[in-house]
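Undergrad: Listed below, chain by chain, are the residues.
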Amino acid sequence: MTQHEPPLLLVGTDYRCAPIELRERVSCTGEEAEHALLHLIARPGIAEAYLLSTCNRTEVYLQPRDEDEAYRTALDLIFLKKSPELERPGRLYVKRNGEAARHLLAVASGLESMVLGEPEILGQVKQSAALAEHVGASGPVMRRLLRSALSAGARARQETAITAGAVSLGYAIVELARNIFSGLEECRVLLIGAGEIARSVARPLVERGAREIRVANRSRERAETFKEEIPQAEIVSFEERMESVRGADLVIATTGAEEPVLTRKQLKEAMRSRRNKPLLVVDLGVPRNVEASAARIENLFLHTIDSLDLLIQKNLKKRKEEVPRVEEILEQELHHFRGWYRGLEAEPIIAQLQKQAEKIRQRELAEALSRFPAESHAELERLTRSLVRKILHHPSTQLRGRDGTRDLSRLDLVRQLFRLDDENSQ
Amino acid sequence: MITFLDTASLLLPLLYLGAVIAYGFVFFAGHPTAARLATPVLRGTVLFHLLYLAGLAVHHGQFPAATVSQALSIVAFAVAVVYAFVEWHGRERTTGFWMVALVFFFQLLSSVLTRPNPPDRAIFHDPFFATHVSLALLGYAAFVVAAAYAFLFLQLYRDLKAGRFSTFYGKLPPLEVLERMMIGALWVGFLTLTGAVATGAFWAERLYHDAWLHDPKILITIATWVLYAVALLLRRLQRWQGRQTALASLAGLGAILFSLVAVNFFFTDFHGFL
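In order, the protein sequence lines correspond to chains A and B. The first sequence begins at 0 in numbering that gives the first Met the number 0 and counts up one residue at a time. The second sequence begins at 0 in numbering that gives the first Met the number 0 and counts up one residue at a time.
No wet-lab data here; the hints were simulated from the structure. Positions of the beta carbon are idealized from the N, C-alpha and C atoms, including for glycine. Each hint can be trusted.
Some chain B residues judged to face chain A by a derived CB distance under 10 Å, without partners named:
| # | residue |
| --- | --- |
| 1 | Gly29 |
| 2 | Leu155 |
| 3 | Lys160 |
| 4 | Ala161 |
| 5 | Gly169 |
| 6 | Leu171 |
| 7 | Pro173 |
| 8 | Glu175 |
| 9 | Glu178 |
| 10 | Arg179 |
| 11 | Gln237 |
| 12 | Gly241 |
When the alpha-carbon atoms are kept at most 20 Å apart in a straight line, the in silico SDA-like pairs for lysine to any residue are as follows:
| # | chain 1 | residue 1 | chain 2 | residue 2 |
| --- | --- | --- | --- | --- |
| 13 | A | Lys276 | B | Arg157 |
| 14 | A | Lys125 | A | Arg142 |
| 15 | A | Lys81 | A | Cys54 |
| 16 | A | Lys276 | B | Gln243 |
| 17 | A | Lys358 | A | Leu386 |
| 18 | A | Lys125 | A | Leu149 |
| 19 | A | Lys316 | B | Gly162 |
| 20 | A | Lys354 | A | Pro394 |
| 21 | B | Lys170 | A | Ala160 |
| 22 | B | Lys216 | B | Ile122 |
| 23 | A | Lys319 | B | Ala28 |
| 24 | A | Lys267 | A | Phe237 |
| 25 | A | Lys276 | A | Arg187 |
| 26 | A | Lys317 | B | Gly29 |
| 27 | A | Lys313 | B | Gly162 |
| 28 | A | Lys316 | B | Ser165 |
| 29 | A | Lys317 | A | Glu117 |
| 30 | B | Lys170 | A | Phe180 |
| 31 | A | Lys94 | A | Leu333 |
| 32 | A | Lys319 | A | Leu309 |
| 33 | A | Lys319 | A | Glu158 |
| 34 | B | Lys160 | A | Ile296 |
| 35 | B | Lys160 | A | Ala291 |
| 36 | A | Lys316 | A | Glu117 |
| 37 | B | Lys160 | A | Arg271 |
| 38 | A | Lys316 | B | His30 |
| 39 | A | Lys317 | A | Ser167 |
| 40 | A | Lys267 | A | Gly246 |
With the sequences and hints as input, model every part of the structure.
TA: Have a look at this one:
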């Protein structure tokens with residue numbers, strides 16, 4: 000009896016099953032991942048291995064020769080040795096065959112990410128695939144599975160809006176700026192406050208190429224710490240912040256001040272001196288850093304944590320609506336992967352069939368040749384070969400499933416019809 | 000020829016409606032099939048529209064702007080050509096629904112107001128007529144384009160001001176770009192309308208001396224010209240921002256529609272042809 004699904008085993012843990020303290024213990028990157036892969040494929044029960052380890056998940060995909068041995072090895076080597084607490088029920092998940100393949104495709108498409116549609120995961124899957132290839136842990140099955148996963152991830156990004164819209168505070172600010180200004184590369188940014196929030200929102204702005212980043216903070220030391228993390232930033236005096244507001248396109252206030260650090264009057268004056276050019280002001284302070292009435296100033300766009308949250312929720316909702324379309328892509332890619340695997344199964348049967356036909360051809364030809372003149376032997380040889388090849392061409396194509404009608408019961412039927420399991424047949 | 004012109008007059012609004020629906024699917028649903036169909040449907044319709052206008056010119060033996068219906072059709076055609084160029088040049092389809100909707104509106108109005116036999120006056124064969132009317136219609140088309148950008152600018156401006164992120168948010172070019180497109184179209188419209196007023200004044204002075212000055216059509220056109228001149232001057236002096244200029248642009252479009260349709264039908268004899 001043939002096996003319809005590719006034999007795969009997945010053992011893993013992610014942010015839904017284990018807290019960060021456990022996840023970081025089993026996290027496995029760089030040299031450590033290389034050694035782990037080498038150890039895995041050194042075991043006789045494991046034919047191929049792939050390891051994916053990010054801050055949110057560690058997963059081992061195996062193509063087992065002996066499933067029990069493969070499972071025990073993965074469990075001990077990757078998980079329990081470093082974090083025995085993972086043995087508790089619900090901390091780890093195990094998936095097999097098609098389910099394991101589908102899971103990897105879903106991971107690459109961002110469906111399993113903590114932030115739905117998060118795009119970085121595709122790069123991480125690709126990087127881990129390169130490592131598995133480099134150490135020789137990938138074989139034909141894993142290589143094809145990873146190709147399907149990367150294709151699913153890329154198609155999900157191109158054909159659906161699963162990665163569209165900002166879903167973090169920093170990127171929500173980038174998105175707002177992009178709706179106002181013709182390019183972020185022309186944007187001058189002023190951050191008032193240099194704490195953790197300021198750093199987290201400054202990073203995406205730097206990544207997306209903001210022209211200039213200035214930071215104004217009451218404490219100079221804190222501003223220096225900010226500059227250590229964001230070297231592109233220029234420190235300006237907190238007292239002279241209004242001077243910088245006049246030249247900025249985007250102002251982000253994140254201080255813990257009890258009183259507003261930007262009043263309506265100050266902003267109105269600043270707008271006048273900047274000839275009313277559009278200004279985006281983001282107030283992330285609690286209590287508010289910017290007087291709410293400043294929102295009434297012409298061409299000044301004041302946003303608070305609430306409006307940014309509204310934007311993030313709206314984008315997340317849009318991403319959720321895209322999930323069925325991504326799942327369709329997963330099914331298509333999975334279908335191709337399964338088809339490829341079944342084609343792999345058909346090859347030995349096709350080879351047997353060809354061998355058997357060749358045997359018959361040679362036997363019949365040997366009997367017949369004596370009845371024909373010697374000069375026609377070569378022609379008969381060519382004719383019979385061509386006949387056999389042409390007769391077997393269509394059945395072989397059907398068995399490989401290249402016509403899109405893959406049916407594994409055909410393999411069994413061919414075995415029975417041509418008695419391929421019987422070594423002495425024909 | 001008459002059968003073709005009658006059929007085309009009926010078909011054109013339907014074809015533009017088809018394009019509006021396709022662009023609507025692109026804008027509201029990001030539909031991939033609609034995205035593939037929208038541009039060819041519009042380009043095909045624009046070509047058909049060109050054939051229709053050429054047919055009118057050949058059949059009547061004069062520049063096809065002798066009636067309000069013909070003038071509206073030329074405005075619709077010019078807006079469609081301008082949008083098709085913007086889309087081709089900027090590979091940008093997000094404003095398509097709104098632009099093509101305006102084209103549909105103008106062509107529908109034109110088809111409804113179609114008259115079988117346009118007047119045949121001596122002035123229609125004067126080369127000044129073609130120059131004057133072409134400039135005026137090109138100006139109107141540019142003001143229509145400016146009004147479409149103004150409308151989109153105001154929607155996005157309100158969304159960004161109120162933090163409510165409606166259907167428009169995230170689907171349009173940035174505010175600065177919309178404003179730049181609007182101002183650019185306003186300048187094109189203003190300069191061509193200036194040309195139309197100047198050639199018209201020179202020509203009318205030669206033919207009618209002072210009689211033309213009291214024509215309601217001319218008065219409303221000069222008022223429209225002044226409105227656009229003031230809006231552009233205040234924007235240039237930074238006294239007005241994008242929002243005020245956009246509102247003025249929409250008011251200007253209202254004045255143009257009034258001048259093109261209402262004034263022609265009810266108040267003028269002198270400009271009765273257009």
